[in-house]
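Going down the list, the protein sequences come from chains A and B. Residues 328 to 520, numbered by the working numbering, are exactly what the first sequence covers, in order. Residues 6 to 161, numbered by the working numbering, are exactly what the second sequence covers, in order.
Just so you know, the hints here were simulated from the structure itself, not pulled from any lab data.
Cross-link-like lysine to aspartate or glutamate pairs, in silico, EDC-like; alpha carbons within 16 Å at most:
1) A:Lys-359 - B:Asp-38
2) A:Lys-494 - A:Glu-484
3) A:Lys-494 - B:Glu-20
4) A:Lys-494 - B:Asp-16
5) A:Lys-503 - B:Asp-16
6) A:Lys-503 - A:Glu-462
7) A:Lys-416 - A:Glu-462
8) A:Lys-359 - B:Glu-32
9) A:Lys-494 - A:Glu-462
10) A:Lys-503 - B:Glu-20
Not everything, but these chain A residues come out facing chain B in the computed CB check (under 7 Å):
11) Ala-354
12) Ala-362
13) Leu-365
14) Ala-387
15) Arg-391
16) Arg-474
17) Tyr-514
Think of the CB as a built atom: it goes at the ideal place given N, C-alpha and C, for glycine as much as any other residue.
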Amino acid sequence: LECVIEPTEQDELPLESLRRRDPEVFATLVRKHQAIVLGLAQAQGLRGADLDDAAAEVFANVFRALPRFEGRSALTTWVYRIASRTIPKARARHRHAVGVQMPDGLADTRELTPSVALETADRNRRVWDAVARLEPREALAIEMCYRRGWPVAQIAEILECPEGTVKTLLFRARQKLRRSLERQGVYGAGDER
Amino acid sequence: MEQAMSDNSGDQAFEQFLHDAIASRPEPAAPADLARIAMRLAAADPEPARETLSQIARIDRQNRLMGFFAAAMIAAVLLLGCLRLWSHGGGSNSATDWAATDSLQSISSTDASESEFSKPMVLLTGEALLAALILLSVGGAAINRSGASASDLVFH
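Hey, can you work out the whole structure from these sequences and the hints?
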């Protein structure tokens, strides 16, 4: 499965106001990016208050660094780059709490029979759990590729590494996930369609 | 060939499975007023000063340790050179002694007076070069470490 190339949302926030750390503009920036930042932290297995703390820490780092933002890269890339540096540190601090929390709203399984829906929900939870147990950069790459559908080039820019490294990270992560899921009986020969 | 095709289709099935499972994960709810929380956090600790200082201190310690090792290595090499000079230049002046004590020196010179002076000098120069190379590589490693650590502190 190729990562789907989607046009990235271009940032239209005024650069000067951002550098001045205008609270209104900063609040807009946070609103625009909070879902993805939280998703990146969630993929690392952070949950509850730890998840919120990690997101707050990311945006605090963004706020601190705004006067130094030179606009050499897209604001989106810059924010996620800070997130990809900050979140693994937060994860290391909350290592004991890493795990998967069953979200309030489970995956959409309305069209499935109750038993199949339950099975699917459990299977998905195990996949998320396996992702959370990957190395931080592998989990980030998986999240960006499979959930966000970002191209390898964009992921490489965010993770500050060559595209080949991202491909290697994804390959290694897939291998680990496959082994782990096969061991748990979540994925096997019967699933190969 | 069939095996490869089967592996490939298996990989694609797994990719699809992974994609479906990961994409189905609901987005977490954002905390209310995340921007204000972040601004308050940034104001409480304008720069992660403690972390920055501890990183700088660690880099400094590493550099000092490497510098110490490099200095010790150079001193050892120079001491060895001096000892050789002393034993070959000052102690025994014969060219045969020189050849016997240093297996690296296989050049047999007919001109004893020339070898007494030039061979130890060549050795010493070689050792100094070796020491310089060690120093350079150790220094380079220290600089690389400092650079990598320092880059962690700056968000471009």
